[in-house]
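Line by line, the protein sequences give chains A and B.
Just so you know, the first sequence maps onto residues 1 to 273 in this note's numbering.
Just so you know, the second sequence maps onto residues 1001 to 1337 in this note's numbering.
Since the hints were made in silico from the structure, they are not lab data.
Treat each hint with caution, since some may be false.
Unchecked claim - In silico DMTMM-like links for lysine to aspartate or glutamate, alpha-carbon gap of 25 Å or less:
1) A:Lys253 - B:Glu1243
2) A:Lys244 - B:Glu1207
3) A:Lys177 - B:Asp1306
4) A:Lys175 - B:Asp1308
5) A:Lys240 - B:Glu1243
6) B:Lys1305 - A:Glu261
7) B:Lys1295 - A:Asp128
Stated by the list, open to error - For the chain B half of the interface with chain A, some residues (derived, Cβ under 8 Å), not all of them:
8) Gly1136
9) Ala1156
10) Ile1193
11) Ile1203
12) Glu1240
13) Ala1242
14) Ala1309
15) Asp1316
16) Ile1331
In this text, a Cβ means the ideal position worked out from N, Cα and C, and glycines have one as well.
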Amino acid sequence: MPVNVVVLMKPVVDPKAIVNFRPDGTIDRSAVKLVVNPYDKYAIEAAVQLKEKLGGKVVGIAMAPLHAVDSLREALAIGVDEFILLSDLKLAGSDTLATSYALSAAIRKIWQKLGSLDLILCGIESSDSNTGHIGPEVGEWLGLPSVSYVDSILEVRDGSVLVKRLIEGGYVVMKVKLPAVLSIAGTSYQPRIPALREVLAARRKQITVWNTAEVGIDQSLVGLAGSPTRVVRMWRIEIKRRGKIFSDPDVDKMLEKFLEEIRRDGISLGVRS
Amino acid sequence: MTFSKILVYVETSEDSPAEHSLELIWKARELASKADMSVEAVLVGHGVFDIAREVTYRGVSKVHVVDNPRLATYSLIPYTTAIAEVIKKTEPEIALFSATVIGRELAPRVAARLKTGITADCTDVDIGSWVDPSTGRKYEKVLYQIRPTYGGEIMAAIVTPSHRPQMATVRPGLFPIPPRDTSRSGEIVGWNIEIADEEFSKIEVLEVRREQRKVDLKSAKLIVSGGRGCGLKGLELVRELAEVLGGEVGASRAAVDSGWISYDHQVGLTGQTVKPEVYIAIGISGAVQHVVGMKDSKIVIAINKDPDAPIFRVTDYGIVGDLFVVVPKLIEKLKRR
Ligand SMILES: Cc1cc2nc3c(=O)[nH]c(=O)nc-3n(C[C@H](O)[C@H](O)[C@H](O)COP(=O)(O)OP(=O)(O)OC[C@H]3O[C@@H](n4cnc5c(N)ncnc54)[C@H](O)[C@@H]3O)c2cc1C
């Protein structure tokens, strides 16, 4: 049975970059490189593996400003067949409820175009806001079952998907009726690196841009005005750690320095006598 | 009729309320006394009335119970319906969930059902008034939802001014457990919530594999943890160092998933939250999911060969080097002292 999969992707500020504030206290995203959320790469890998095994189509979607487009080409190189960028100034400032609503509307439209849809995959959370809300909230807007913390997709059969889900202290195996939304935690997928040839081919592939009107999004439910939550303040955490780093090719010397330093700082390693 | 209450979703663990849920009750009681509100709880399952009684001993004035044989084990969609219906009927100002692997999928689902806002993974919550700077309108009993963002470098305070309930998931391990006082009496209310058959059949649990937890890292004074960088051999070094220092052995999930050490040693989001005097991370990169479990340790020491490893951002003493060289020498030096 071929499966049609939609993968949700979020362009995020490169997790390795140091974040800067503007004078008004908001985050300055202009200077930093955008990359695909690392957790979403596990979802892409899972989708592409399903396609290779069972056939079907993989459609990527991101809700982001137009300049994020370059960060999305990698997905096309890895095997996503088609990409939709949902982009509209009216979406700026959307919180997770508003974002999940807008994405659900776009998924409905993709679903209509494909004729059938089996799975909606996303990363367990984004590396910048780490909420994990989008999967369950999209599931609720679409009236579909959702599973978070999916370690791996075991099998798709007879209108259901078997998944392994992480829990505290172990796993559960669950059978979920299709269509379903799965948030991939990723511990068992190794995202592939595209070959140069695929990267070049992806540059020529088209990314379709949709705005809110084309998707039929109720504009009162998105953007800052459509978002129930409001960020009222942000501040940098002062790291209270001492941050003393020891690095020396002469390991003995380095360790002597380290032991001397902690002794001077009055720290006991509680050595057994 | 007062709408001024805080509702806490209580997860169960065996036949008791989960510890993290009791921590949340502690915090809810603090907020409630500050803003003159009451604390209520909601419990979903089967045969959970005794657990509800336990919850009242922790200082909750009312426990709402949805008890139904078909709810005996957790299932996302019917649990969403049960909790959302109780919220609709009782109209709390605030609804709090623990940020566990269950709470983090259940709470947003409930929020979307109720079309209200939610904040994930709060490390603290507070209550007070808030004035919208653009309209000048003042809101009362506003929940300040405080959480790290941008991978933990930045903190944000978030409010939900005009939607109710104001919802948040709160990280476990941050607050004390309120004392158990059997002289307290609270009301227990059973709700009969109609849940369609279809809701039960969408997700079926076929198999549960869970390891028993034996090692108690929570009370350890010193923990030496090993990660993926260790391999089976490196974990031997980790054990030896822990032995020399009289500490316990911890691990990252990567080390546990590789089968080098059992789950009861795992520190982090899906493992244990620890607060030792000294935490030594060896061959651990410092992923957020690991760091949330150990960041409240008094002193953190890391040994890693990658000078850019994120763990070094949260350490007091970082040793850059190959653990297979560093750790044996460290053991030797410690033994000599
Ligand atoms: C939903 C979810 C829940 C999770 N829960 C947890 C959890 O509870 N606990 C947890 O720990 N993780 C958890 N994780 C996994 C987490 O995201 C990381 O994948 C994991 O913590 C990585 O473990 P690690 O640091 O040991 O491995 P890696 O990230 O692979 O890091 C290995 C480190 O070892 C260093 N190294 C390698 N060789 C050497 C050497 N010879 N000498 C010195 N250093 C060396 C490397 O430089 C690297 O920094 C969770 C993930 C998800 C998605």
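Hint check:
no., hint, verdict
1, A:Lys253 - B:Glu1243, "holds (24 Å)"
2, A:Lys244 - B:Glu1207, "violated (47 Å)"
3, A:Lys177 - B:Asp1306, "violated (44 Å)"
4, A:Lys175 - B:Asp1308, "violated (41 Å)"
5, A:Lys240 - B:Glu1243, "violated (29 Å)"
6, B:Lys1305 - A:Glu261, "holds (20 Å)"
7, B:Lys1295 - A:Asp128, "holds (19 Å)"
8, Gly1136, "violated (15 Å)"
9, Ala1156, "holds (5 Å)"
10, Ile1193, "violated (17 Å)"
11, Ile1203, "holds (5 Å)"
12, Glu1240, "violated (12 Å)"
13, Ala1242, "violated (11 Å)"
14, Ala1309, "violated (11 Å)"
15, Asp1316, "holds (4 Å)"
16, Ile1331, "violated (10 Å)"
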